[in-house]
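Novice: Produce the entire structure from the sequences given, and follow the hints as far as they go.
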Amino acid sequence: MFDSISFFRIVKTGFVNFWRNLSLSAAATMVMTITLVIFAVLFLLFGLTSNALDAVQSRIDISVYFKSGLGEDKIKSIQLDLEANEKVDTVVYTSATKALEEFRKKHENDFLIQQSLNELTENPLPATLNVRAKNLEDYPQIDSFLSDRKYADFIESKSYGDDQTKLAIERLNKILGFIITFGVGLISIFALIAVLVIFNTITLTIFNRREEVEIMRLVGATNWYIRGPFLVESILYGFFATVITALLMLPIFSNFLPRIALFVNPQVSVFNQNVFNYWYLIFMLFLVGAILSVVSTFLAIRKYLKI
Amino acid sequence: MIKFQKVTKHYNQGSKALDNLDLEIHHGEFISLVGRSGAGKSTLLKLIIGEEEIDSGRILIDDIDISQVRKSDLPYLRRKIGVVFQDMKLLPKRTAFENIAFAMEVCGHRAQGIKREVPKILELVGLAHKRNSFPGEMSGGEKQRVAIARALSHRPVLLLADEPTGNLDEVNANEVLELLIKINNLGTTVLLATHAADLVNKLKKRVITIENGKITLEQEKGHYKL
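Top line first, the protein sequences correspond to chains A and B. So in my numbering, spot 189 of the first sequence is number 189, and the numbers just go up one at a time. So in my numbering, spot 37 of the second sequence is number 37, and the numbers just go up one at a time.
Please keep in mind that the hints were generated in silico from the structure rather than gathered at the bench. Among the hints, a few may not be true.
As the list claims (entries may be wrong) - Simulated coverage check for chain A against chain B, where a stretch passes if three residues somewhere in it have a Cβ under 8 Å from a Cβ of chain B:
{"no.": "1", "segment": "3-13"}
{"no.": "2", "segment": "217-223"}
To be verified - Counterexamples of contact, computed for chain B against chain A with all Cβ distances above 12 Å:
{"no.": "3", "residue": "G28"}
{"no.": "4", "residue": "F30"}
{"no.": "5", "residue": "I31"}
{"no.": "6", "residue": "E51"}
{"no.": "7", "residue": "D63"}
{"no.": "8", "residue": "E105"}
{"no.": "9", "residue": "S139"}
{"no.": "10", "residue": "H154"}
{"no.": "11", "residue": "V171"}
{"no.": "12", "residue": "K214"}
{"no.": "13", "residue": "K221"}
{"no.": "14", "residue": "H223"}
Owing to the predicted nature of the structure, the values given are computational and were not obtained by experimental measurement. Idealized CB from N, CA, C, for every residue including glycine.
Specialist: What follows is the structure, encoded as structure tokens:
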């Protein structure tokens with residue numbers, strides 16, 4: 001499209017335009033910053049809520065208790081049946097002996113329990129299968145799958161989730177839905193404002209530089225050489241807005257977020273997840289800023305820059 | 001070099017700017033294009049640089065049909081053609097040197113080449129001593145010579161001059177004309193659209209008269225005649 005000298009001159013002219021219209025550039029950058037801050041906060045809220053939801057969901061599974069004295073072969077065949085079910089994620093088998101061992105270990109300091117266990121002649125704990133579904137809404141189907149008559153003779157009982165957990169999941173899902181609806185609405189409004197402000201700023205720059213543009217056209221500047229500086233200028237709005245937002249987000253990431261995350265879900269290290277990765281978020285913000293800037297500039301160029 | 005073959009151009013209001021016009025311009029010629037205001041002179045120049053599109057016919061520049069040239073390639077065509085206007089179109093906040101350098105920069109010339117070439121061009125138009133002057137500090141004739149210098153910065157094969165002396169007094173107009181003759185003598189084809197009868201008569205070169213979008217008179221070594 002153009003050589004390195006032209007590219008350098010386009011970038012330089014973009015910077016000069018940004019600097020010459022400093023008050024307009026500052027206004028465009030501020031509006032873009034507000035949009036990006038809202039985006040970042042909603043992004044983090046969404047991440048925290050999904051994280052909490054994951055935490056609660058991970059506590060749910062179906063425990064299938066088998067009748068005592070049932071052969072391990074039979075249980076293994078039921079395990080295979082379950083594993084063949086596409087809604088099932090994992091099935092973990094715990095034999096009665098292992099269950100007892102684990103129970104003893106868990107209560108090794110409780111003399112009363114240890115003594116009671118020693119007095120028993122038979123293992124009171126059943127063999128179990130812990131079934132985890134791929135999706136939360138799959139549990140009722142897996143439950144009905146296990147309620148089939150062919151398993152009735154082997155299964156003593158089964159249980160999944162308590163009512164409180166289900167309620168928590170329901171509430172978190174509602175919050176998540178609200179964040180998505182409210183967030184998309186809010187982001188759309190501010191994105192529109194940012195696009196309009198940048199559109200007007202670039203239009204004014206085009207107007208201010210109309211003489212230069214006319215001469216450039218006459219002496220044979222390529223279309224991209226004429227358009228390029230306007231694009232560079234608008235990308236600078238996105239860039240500076242990202243830098244400001246990144247600085248504003250820094251205390252949230254270094255102080256606030258680790259505490260919240262630990263409170264919500266102590267087992268999962270939140271920093272392994274993209275949404276809580278600082279640089280990932282900054283990259284996303286720059287991408288959003290750049291896309292909004294470029295779109296508004298293209299609209300302004302299309303309308304007002306005659307080439 | 002340039003051939004107009006049955007070229008017709010309408011404007012939105014339906015008025016015919018050029019009507020079935022045939023014209024041939026040869027390499028190295030100096031042609032004066034005369035006619036009343038609105039006769040079609042400026043339209044003819046705009047069509048050559050692809051600023052306007054024709055409605056019918058063909059315009060060939062060195063056998064290239066310019067209606068077939070892609071919009072993205074038009075800048076490269078414009079680098080072969082220098083254009084000068086009555087209002088000069090100089091950037092007021094740039095010096096004579098910078099105005100010429102600007103035209104070279106936007107077309108991708110290297111900084112070193114620009115530093116070397118611009119003084120030579122200023123020398124050619126007789127303004128070496130005005131290199132650091134702003135347009136506001138120069139006379140009309142000097143400004144027009146800077147505009148011509150800028151048009152020459154790409155070493156064009158054709159120079160289009162649309163009323164270049166329109167705003168100038170007789171002395172300055174003569175200076176500009178002499179410069180155009182000098183450029184023509186160096187091998188550049190010059191197409192001059194003008195109302196200045198004295199200058200055309202002084203030239204004693206080919207004169208084409210246009211009226212209502214049609215060529216009404218063609219004279220070799222001619223005079224200004226409407």
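Novice: Against the earlier hints, flag every one the structure doesn't satisfy and list their numbers going up.
Specialist: Result: hints 6, 8 and 10 break, sorted rising.
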